[in-house]
Amino acid sequence: MTATAPRPRLAKTPEDTHPARGPRLPVRLLPLTPAVVLLLLFLAGPIAYCVYIAFTDLQLTGQARASFVGFDNFTRAFGDEAFLNAVWLTLVFTVVSSLIGQNTLGLALAALMQRASKPVRTLTGGIVVTAWVLPEVVAGFLLYAFFRREGTLNAILDWLHLPSQNWLFTLPILAVSFANVWRGTAFSMLVYSAALNEIPQEITEAAEVDGAGGWRRMWHITLPMIRRSIGTNLMLNTLQTLSVFGLIWVMTRGGPGGRSQTLPLFMYEQAFQNSLIGYGTAVALLLLLVGSLFSLVYLRLLRTEV
Amino acid sequence: MAHTLTSRRTTRRLAADAGLLMVAAAFVLPLVWVVLSALDPHAGLRVKTPDGLTLDNFDAILTPEITFTPLLNSMILCGGATLLTVVCAALAAYPLSRFRSRFNRPFLLTILFATSLPITAIMVPVYALFVQVDLIDTTQGTILFFTASQLPFAIWLMKNFMDGVPKELEEAAWTDGASAFQSLIRIVLPLMGPGVAVVTVFCFVMMWGNFFVPFMLLLTPDQMPASVSINDFFGNRGMVAYGQLAAFSLVYSTPVILLYVLIARRLGGGFALGGAVKG
Numbered sequence: 001m002t003a004t005a006p007r008p009r010l011a012k013t014p015e016d017t018h019p020a021r022g023p024r025l026p027v028r029l030l031p032l033t034p035a036v037v038l039l040l041l042f043l044a045g046p047i048a049y050c051v052y053i054a055f056t057d058l059q060l061t062g063q064a065r066a067s068f069v070g071f072d073n074f075t076r077a078f079g080d081e082a083f084l085n086a087v088w089l090t091l092v093f094t095v096v097s098s099l100i101g102q103n104t105l106g107l108a109l110a111a112l113m114q115r116a117s118k119p120v121r122t123l124t125g126g127i128v129v130t131a132w133v134l135p136e137v138v139a140g141f142l143l144y145a146f147f148r149r150e151g152t153l154n155a156i157l158d159w160l161h162l163p164s165q166n167w168l169f170t171l172p173i174l175a176v177s178f179a180n181v182w183r184g185t186a187f188s189m190l191v192y193s194a195a196l197n198e199i200p201q202e203i204t205e206a207a208e209v210d211g212a213g214g215w216r217r218m219w220h221i222t223l224p225m226i227r228r229s230i231g232t233n234l235m236l237n238t239l240q241t242l243s244v245f246g247l248i249w250v251m252t253r254g255g256p257g258g259r260s261q262t263l264p265l266f267m268y269e270q271a272f273q274n275s276l277i278g279y280g281t282a283v284a285l286l287l288l289l290v291g292s293l294f295s296l297v298y299l300r301l302l303r304t305e306v
Numbered sequence: 001m002a003h004t005l006t007s008r009r010t011t012r013r014l015a016a017d018a019g020l021l022m023v024a025a026a027f028v029l030p031l032v033w034v035v036l037s038a039l040d041p042h043a044g045l046r047v048k049t050p051d052g053l054t055l056d057n058f059d060a061i062l063t064p065e066i067t068f069t070p071l072l073n074s075m076i077l078c079g080g081a082t083l084l085t086v087v088c089a090a091l092a093a094y095p096l097s098r099f100r101s102r103f104n105r106p107f108l109l110t111i112l113f114a115t116s117l118p119i120t121a122i123m124v125p126v127y128a129l130f131v132q133v134d135l136i137d138t139t140q141g142t143i144l145f146f147t148a149s150q151l152p153f154a155i156w157l158m159k160n161f162m163d164g165v166p167k168e169l170e171e172a173a174w175t176d177g178a179s180a181f182q183s184l185i186r187i188v189l190p191l192m193g194p195g196v197a198v199v200t201v202f203c204f205v206m207m208w209g210n211f212f213v214p215f216m217l218l219l220t221p222d223q224m225p226a227s228v229s230i231n232d233f234f235g236n237r238g239m240v241a242y243g244q245l246a247a248f249s250l251v252y253s254t255p256v257i258l259l260y261v262l263i264a265r266r267l268g269g270g271f272a273l274g275g276a277v278k279g
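Listed in order, the protein sequences are those of chains F and R.
Terminal number for the first sequence in the working numbering: 306, no gaps in between.
Terminal number for the second sequence in the working numbering: 279, no gaps in between.
By construction, these hints were calculated from the structure, which means they are not laboratory data.
Glycine included, C-beta positions come from ideal geometry on N, C-alpha and C.
Hints are not guaranteed to be accurate.
Label-pair restraints from in silico Cβ distances [as the list claims (entries may be wrong)]:
| no. | chain 1 | residue 1 | chain 2 | residue 2 | range |
| --- | --- | --- | --- | --- | --- |
| 1 | R | Thr10 | F | Ala207 | 12 to 22 angstroms |
| 2 | R | Lys48 | F | Leu299 | 43 to 53 angstroms |
| 3 | R | Ser179 | F | Glu198 | 22 to 32 angstroms |
| 4 | F | Glu198 | R | Pro166 | 17 to 27 angstroms |
| 5 | F | Gly211 | R | Pro194 | 18 to 28 angstroms |
| 6 | F | Pro256 | R | Pro221 | 40 to 50 angstroms |
| 7 | F | Gly255 | R | Val131 | 23 to 33 angstroms |
Using the sequences and the hints, build the whole thing.
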């Protein structure tokens, strides 16, 4: 992978003492300053502030000063049915759309592409990638139109004489999950295509000559060989899915009745519709913690790989 | 034996083609809807043959208020933030790629860790912070936050591209008395032109499509980029004109699709997969 391009020389080459290179470490690190300042002010800063306000009762209106309330926001969250509902829906959304949907469909597409003819491969790849490149809100609208009562999905079901229904009302969380599959599968497809292309042909051919069928080759040879890509991809899909907001916002606003309200939407509602910044931030902090956890695992995975 | 293997391969190819085409058909439906509806004088929510082709929908939306101002706002926001990101990332990548120090590895690990943090989660505290320091509802504040959120990935990507430029070429310049800064500008960056282009386009595309950041940090309608103003088609205008919505979606999406095609061809499609993230 690109992370380790070959370096021609190692540390103690004569150039290291060349005066024009800026011999002192502080001078060398000077170009890092603008980036570090921005990162500290606008990324690390808000995260630290997030940790702080999560422990206060900060509100948007009618309150001069926020006071420290300890773990109140967190205990409140775990006693709040709407919060637990959001946790559950986030879990459903992540498992259905990312772990199962994007991941499996992406792998299936990549595997099929290995065998398909070139025009079909190009066409399918192009369509799937277009869905991925579209701005989030546009994707949301397209899928909103698709799942609405008057929309395309019901038109197809009618045509097949299958019962149609108001998907965004009866199964909102599944509708937004499928929308996320539509939008996010391209990434997995690209990851797995790259991984499958790296498997030496001789190995699969040898297995084929030995009489291993398609499924057995997949299970015993291909999957073990790309297991690191699988790990990386699952991690990134999960992180991405955890922070989806615009797609769900456009399609359902988290409704009806909170039935597609994942954690980011719950956080937004508490902080802005209910003006409870402190409570909303506590939820954000929990989300950030889950994200950091996944991010650390991802780092470990990558470290063994790089 | 050889014959059966070939025929088996053909069967398998046909099966794979059929499978892919089925998925493609399912994926293409929403895209077909947006294209047909944009051209349909009576567009609804389902895919149907247009009742005659018309450009009226485009005519209706191509006004300063609906399209040009939001697109200009998007340009200013994303253009400004992209420029700032690329400059800061190029500067930051240079010492990380060129000089060895104990500091590099922890810094790069932190950067990599930050690339995958869910930025959505910190938008509420960022909002609260921006209210306090009076950056709320300002384009420059939004640009600065956009830049910071994109920087970890941009630095990571930039550093990897920079590692691919051999050091020997710079050494000649150093011998001639060039400073590290001069060699970065005159030698390293030109040599990694495609890499810089990728970082630029990638940042731009990510921010162009981003909804939540401007949605939270900007309040005045005049300042809204297209990613947020598209919401108005639903909320404030009463009856939804689906044809116009579709036309707007096409106008708004076209730049990023073109830019993506541009870099995807240069890098064979899998450029972001070297070690990082998706948007």
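For each hint, the structure was consulted:
{"no.": "1", "hint": "Thr10/R to Ala207/F: 12 to 22 angstroms", "result": "holds (20 angstroms)"}
{"no.": "2", "hint": "Lys48/R to Leu299/F: 43 to 53 angstroms", "result": "holds (49 angstroms)"}
{"no.": "3", "hint": "Ser179/R to Glu198/F: 22 to 32 angstroms", "result": "violated (41 angstroms)"}
{"no.": "4", "hint": "Glu198/F to Pro166/R: 17 to 27 angstroms", "result": "holds (25 angstroms)"}
{"no.": "5", "hint": "Gly211/F to Pro194/R: 18 to 28 angstroms", "result": "violated (45 angstroms)"}
{"no.": "6", "hint": "Pro256/F to Pro221/R: 40 to 50 angstroms", "result": "violated (28 angstroms)"}
{"no.": "7", "hint": "Gly255/F to Val131/R: 23 to 33 angstroms", "result": "holds (27 angstroms)"}
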